[in-house]
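Residue-level listing of the chains:
Protein chains: 2
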Amino acid sequence: MRVLVSEVGPRDGLQSISAIMPTEAKKRWITALAAAGLREIEVGSFVPARLLPQLADTAELVAHARQIAGLTVAVLVPNLKGAEAALAAGAHKLTIPLSCSETHSLRNVRRSHAQMLDEARAIAAAIRELPAAERPHFEGGLSTAFGCTLEGAVPERRVVELAEALMDCGCDEVGLSDTNGYADPAGVRRLIRAVWAGVGRERLTGLHLHNTRGLGLANALAALDLGISTLDASQGGLGGCPFAPGASGNIVTEDLVFMLEAMGLDTGIDFRGLLAARAVLASALPDEPLYGMVPLAGLPLNFSQSA
Amino acid sequence: MRVLVSEVGPRDGLQSISAIMPTEAKKRWITALAAAGLREIEVGSFVPARLLPQLADTAELVAHARQIAGLTVAVLVPNLKGAEAALAAGAHKLTIPLSCSETHSLRNVRRSHAQMLDEARAIAAAIRELPAAERPHFEGGLSTAFGCTLEGAVPERRVVELAEALMDCGCDEVGLSDTNGYADPAGVRRLIRAVWAGVGRERLTGLHLHNTRGLGLANALAALDLGISTLDASQGGLGGCPFAPGASGNIVTEDLVFMLEAMGLDTGIDFRGLLAARAVLASALPDEPLYGMVPLAGLPLNFSQSA
Numbered sequence: 016m017r018v019l020v021s022e023v024g025p026r027d028g029l030q031s032i033s034a035i036m037p038t039e040a041k042k043r044w045i046t047a048l049a050a051a052g053l054r055e056i057e058v059g060s061f062v063p064a065r066l067l068p069q070l071a072d073t074a075e076l077v078a079h080a081r082q083i084a085g086l087t088v089a090v091l092v093p094n095l096k097g098a099e100a101a102l103a104a105g106a107h108k109l110t111i112p113l114s115c116s117e118t119h120s121l122r123n124v125r126r127s128h129a130q131m132l133d134e135a136r137a138i139a140a141a142i143r144e145l146p147a148a149e150r151p152h153f154e155g156g157l158s159t160a161f162g163c164t165l166e167g168a169v170p171e172r173r174v175v176e177l178a179e180a181l182m183d184c185g186c187d188e189v190g191l192s193d194t195n196g197y198a199d200p201a202g203v204r205r206l207i208r209a210v211w212a213g214v215g216r217e218r219l220t221g222l223h224l225h226n227t228r229g230l231g232l233a234n235a236l237a238a239l240d241l242g243i244s245t246l247d248a249s250q251g252g253l254g255g256c257p258f259a260p261g262a263s264g265n266i267v268t269e270d271l272v273f274m275l276e277a278m279g280l281d282t283g284i285d286f287r288g289l290l291a292a293r294a295v296l297a298s299a300l301p302d303e304p305l306y307g308m309v310p311l312a313g314l315p316l317n318f319s320q321s322a
Numbered sequence: 016m017r018v019l020v021s022e023v024g025p026r027d028g029l030q031s032i033s034a035i036m037p038t039e040a041k042k043r044w045i046t047a048l049a050a051a052g053l054r055e056i057e058v059g060s061f062v063p064a065r066l067l068p069q070l071a072d073t074a075e076l077v078a079h080a081r082q083i084a085g086l087t088v089a090v091l092v093p094n095l096k097g098a099e100a101a102l103a104a105g106a107h108k109l110t111i112p113l114s115c116s117e118t119h120s121l122r123n124v125r126r127s128h129a130q131m132l133d134e135a136r137a138i139a140a141a142i143r144e145l146p147a148a149e150r151p152h153f154e155g156g157l158s159t160a161f162g163c164t165l166e167g168a169v170p171e172r173r174v175v176e177l178a179e180a181l182m183d184c185g186c187d188e189v190g191l192s193d194t195n196g197y198a199d200p201a202g203v204r205r206l207i208r209a210v211w212a213g214v215g216r217e218r219l220t221g222l223h224l225h226n227t228r229g230l231g232l233a234n235a236l237a238a239l240d241l242g243i244s245t246l247d248a249s250q251g252g253l254g255g256c257p258f259a260p261g262a263s264g265n266i267v268t269e270d271l272v273f274m275l276e277a278m279g280l281d282t283g284i285d286f287r288g289l290l291a292a293r294a295v296l297a298s299a300l301p302d303e304p305l306y307g308m309v310p311l312a313g314l315p316l317n318f319s320q321s322a
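Sequences listed follow chains A and B, in order.
Counting from 16, one number per residue, gives the positions in the first sequence under my numbering.
Counting from 16, one number per residue, gives the positions in the second sequence under my numbering.
None of these hints come from the bench; they were simulated from the model.
One thing to keep in mind: the hints can contain errors.
Now the stretches of chain B that chain A is said to cover, found in silico as 3 or more residues with beta-carbon under 8 Å [what the hints assert, rightly or not]: (1) 164 to 170; (2) 198 to 205; (3) 220 to 228; (4) 308 to 315.
Bear in mind the structure is a predicted one, so any value in this text is a computation, not a measurement.
Even glycine gets a Cβ: it sits at the ideal position worked out from N, Cα and C.
Starting from the given sequences, assemble the full structure and let the hints guide the process.
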């Protein structure tokens with residue numbers, strides 16, 4: 016079984032730290048990640064530079080990453096305006112985040128569910144205006160799908176309804192995000208099955224997991240067991256977790272890749288290449304803590320990758 | 016489903032640090048752990064005090080822990096001499112460690128496999144001399160079952176053969192230990208099934224996992240999915256990992272209990288009580304780093320335990 020590890024560090028990691036990584040360093044990092052075998056990288060987010068100055072160079076990064084053969088260049092777009100910039104830049108994949116907690120949505124992007132669904136519909140329409148061969152993949156990312164620090168538990172029924180609504184708006188696919196590290200393996204399995212029942216198995220193939228409470232890889236395993244084939248991860252857990260100083264936010268790419276390769280699943284990613292990319296990141300952001308247990312402990316003696 | 020979390024911190028944690036925790040503090044910690052709902056605690060190891068002065072008070076701790084109603088008092092015994100001391104003290108459960116890597120066995124306890132099996136046979140005989148009602152449970156703990164830092168991979172066939180040999184020696188049960196954090200979820204499932212095929216499902220019900228490479232809870236999930244019902248863990252990941260400074264060795268009790276309770280599995284353990292026991296530990300060993308993501312991040316908003 017092949018598993019797609021989607022690297023979100025250049026977006027989710029960099030947006031979570033105050034330091035601004037120089038564009039040339041970002042390009043070197045993205046190049047190194049792709050050289051290690053990463054086949055999908057979320058290189059940035061098309062948000063106003065005054066809100067996230069760390070990601071102001073996203074268009075330039077898309078242009079850079081598009082030159083790397085075989086790489087899917089993904090970006091986050093919070094609204095139609097961002098999507099138009101993403102289309103102009105030529106991103107291969109656009110993800111609009113929709114927080115299942117409306118409280119969180121209003122707090123985070125100042126938009127209700129209805130307003131966000133309007134944006135999704137407008138983005139899908141803009142994509143349809145392109146020639147078929149140029150249309151990017153359009154995903155709806157259901158954040159706080161496993162619970163919210165403001166609302167607590169999020170009803171499963173609401174997640175399914177929002178997934179259905181995103182498909183009705185013209186998304187190609189939905190993803191589930193455990194924004195706060197609230198998920199557990201049983202809940203992961205339950206919610207995947209519920210969303211599959213609503214929108215179809217082929218419309219949910221990926222998860223975005225956090226490791227806030229240490230369950231990130233267990234949750235990944237629970238999803239893999241069901242057949243989920245795409246997992247987001249961030250190199251070095253860059254950005255950490257704002258709610259738990261000292262803990263990584265996103266699951267760590269290095270540890271996830273080790274788990275998958277140790278299980279005999281094919282990621283196409285070379286561990287040594289991953290450490291080389293980590294070194295590029297570390298040298299560009301020497302003051303940021305990087306996480307990950309395998310980089311610390313090393314690979315097991317005589318460990319060989321499936322590839 | 017009920018899961019038994021077996022606390023090994025007072026043995027595995029304390030033997031891994033150079034500080035010696037005062038006996039009275041150990042008693043307070045054990046009492047607090049039991050008050051939180053832990054039903055089995057490995058309180059020490061009957062080894063010569065010159066080798067592990069940290070555990071020289073094991074007999075006194077057994078006597079203390081035996082007074083706690085409903086608590087299974089477990090100890091490690093490396094040989095017959097240790098077992099005789101354990102029997103004299105009145106421990107409810109004795110575990111003899113047998114390293115599947117003979118290189119590791121020779122290095123660690125200066126005994127070959129044959130010599131260790133002789134010890135196990137002699138211990139089983141000593142136990143049989145007791146009146147039936149007083150006989151402790153006798154387990155063979157297969158360490159380095161998932162690989163060894165000296166030998167690398169350990170053949171599955173050897174683990175199964177050693178499990179069979181331990182049963183022939185008179186053990187009631189075997190356990191599998193991932194001493195170096197080499198295990199992955201697929202390997203966990205493969206080895207459990209192989210050992211079950213050799214000695215029977217009821218003769219392997221527990222695993223001892225480490226989190227050296229971050230896969231501890233994923234490996235626990237893999238085992239739970241098959242029906243493994245006992246998992247060792249160490250409060251605060253005490254003792255860390257000698258091969259990876261900054262990382263916990265044993266899986267952390269707090270994080271494991273959170274995962275199990277979040278999944279709706281019944282541990283009988285109250286999370287607040289667990290944090291109270293952690294505070295006892297922290298105040299007794301103020302210079303030792305404690306690990307665990309849930310103590311750092313806190314429980315999810317409105318989280319309620321199954322109990």
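What hint numbers does the structure not satisfy? Nothing - there is no hint that the structure violates, so all of them hold.
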